[in-house]
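Can you make the complete structure from the sequences, with help from the hints?
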Amino acid sequence: MTDLHDRLAALRVTSAPTDEPTLAADLRRGRRAAARRRSVRIATTSAFALGIGGVTTAVVVTGSHSDAPAGGVRLVDYTGAQQPGFTVDEIPAGYVLQGVQAGTLDVALPGDTSSLDDFRDKIVVTVEQASPPPASGPQWSYRERVRVSRHHGGTLHYRCPNGSTGVIRVTGQRLIHDPCPGSSTTSAPDTVGTTIDVDGSAGTISRNGEGATYFRYTSGDVRVVIQVWPTFGLTDAQLREFADGITVTPDAQLSHG
Amino acid sequence: MRRTHEAEYEDFVRGHRAELLATARHLTGDHHLAEDLVQTMLTKLYLAWPRARQTNTGGYARRVLVNCFVDHRRRPWVRREQSAVTMPAHATSPAPDAGDAIDPELSGALLELPPRMRAAVVLRHVEDLSVEETARALGCSTGNVKSQTARGLDKLRDLLATTPERNHR
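Which chain is which? The protein sequence lines are A and B, in order. Under the working numbering, the residue at position 92 of the first sequence is numbered 92, and the numbers go up by one with no gaps. Under the working numbering, the residue at position 23 of the second sequence is numbered 23, and the numbers go up by one with no gaps.
Just to be clear, a hint being listed does not mean it is correct.
[What the hints assert, rightly or not] Label pairs and their computed distance ranges (CB to CB):
id, chain 1, residue 1, chain 2, residue 2, range
1, A, G80, B, E6, 19 to 25 Å
2, B, P104, A, T249, 50 to 56 Å
3, B, E35, A, D6, 25 to 31 Å
[Stated by the list, open to error] Partial list, computed: chain B residues near chain A (C-beta under 10 Å):
id, residue
4, R14
5, R25
6, V131
7, T162
Read the hints as simulated data drawn from the structure, not as lab findings. For clarity, every value in this text was computed on a predicted model and none was experimentally measured. All C-beta atoms in this analysis are idealised placements derived from N, C-alpha and C, irrespective of residue type, glycine included.
Here it is as C-alpha cells:
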C-alpha cells in the first residue's frame, strides 16, 4: 500500500533556517546548563575534599581520582580571570594563570613571582604562526630547538629547555652561538609520542631529553605549542583535555620563538 | 565551551532546529510539548558538543530527541488529559501542529501508536531515514526497526480504514 508511504512522506516539513532570537535563547540555555554543571562539580569536589579532610586525620587515603595519576595533578574547571589572547576552560588543580607575554601564556602556582620567560614548574602555552613566511636573506639553522624570548639589537636571548639562558649574537654575516650553560648542543632528540586529535586537527606529543612534554597542534590559522615541565606529571589524556579547553582568541599575539 | 565549538553548535542549530522541531511535533502531536523537547535536547547537545561534533551530529541529536520523548512519556506525573472545574475564560488559539493542515487524519492515527513504534515510523517513513540511521537514533537493532515499522504501518492501515466509519457516526 504505497498510498500510506506517500501520505507519510507528505508530512515531512521543509526545513527552514532558525531565526536569531530563537538561536540566542538556545545558546543561553546551553550556557546556563554548562555553568550549573560547573558549579555542581565544584561543589561536589569541595564537599568531597572536606569529607576526605575530616577522615584523613585517622586514615591515609591511598586511592586517587580516576583522571589523575598517582602523584600527579587533576584538571578542574577554571573560573578565574582570563588573560588576553586566550580563554582557558580547565586548569590543573591549585594552579593559576600567571600572565601573558608576547603570545605566551604561563600557568603557574599562586604566588609564583618568577619571570614569564622562566618555564620551570609551569605549563606554557605558545601561539606561533602556523606556516612560517617565506624567508629572505641568510638562513640560520639551529642544532637544538630554542625559544627566543627577547631581541635586543643584534642579540637574541633564548630560553633553554632546562630553564637557563643561551645567547645568539648576529654580527654582520657571522652567527655567534653561546649554547645553553650546562647543556650539550647535541642534546637528546625529542621522542615523538602519540598523535592526538584536538579541535579537529591532529596534534603531536613529544618529550625532549630533559623530560619536558611538548604538545603541538594547529588551531585555525595558528600553531599552538603546550610545554609542560617534567615535574607536572600530566598524562597524555589530561594534556589533550587541557588543550581542548584552550581557545586562542583573535587578539592573541604571535610568539616569535 | 570553546569558541570554535560554540560557532559549530550555532551553525548546527541554525540549520537543523526546524527539522528537529518537525520530528518532535510528529512524535508528540503537540506543538508546545515538541518545543519543550527540542529545547531540552538542544541543551543536552550543547553540554555534549565536544563528543557530538565528532560523530554524526544529526543522528546524535535525533537520538537524544527520541530519548527525551520516551523519557517524557515515562514520567509518572505526565497527564495526558487535564480536567478543570470551570471553562477557561478565553479560548486559546490552537498551535499549528505538524501535519494537521496536510493530513490531520494520518497525524491523528500516528498518535495512536505506542511511542517507540511511532518514533520508528516517523523517523523511517516521514523523515526518510535509512533503517540503519533509524536504528542508531532509536538505539536498537535494524531488525527491531523493521519489525516496529512493519507493525506500525499495519496498525496505521487498520486505523485509517476505520476512521471514515467513525467520522460518519
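Against the structure, the hints come out as follows:
no.	hint	in the structure
1	A:G80 to B:E6: 19 to 25 Å	holds (20 Å)
2	B:P104 to A:T249: 50 to 56 Å	holds (52 Å)
3	B:E35 to A:D6: 25 to 31 Å	holds (28 Å)
4	R14	holds (5 Å)
5	R25	holds (8 Å)
6	V131	violated (14 Å)
7	T162	violated (14 Å)
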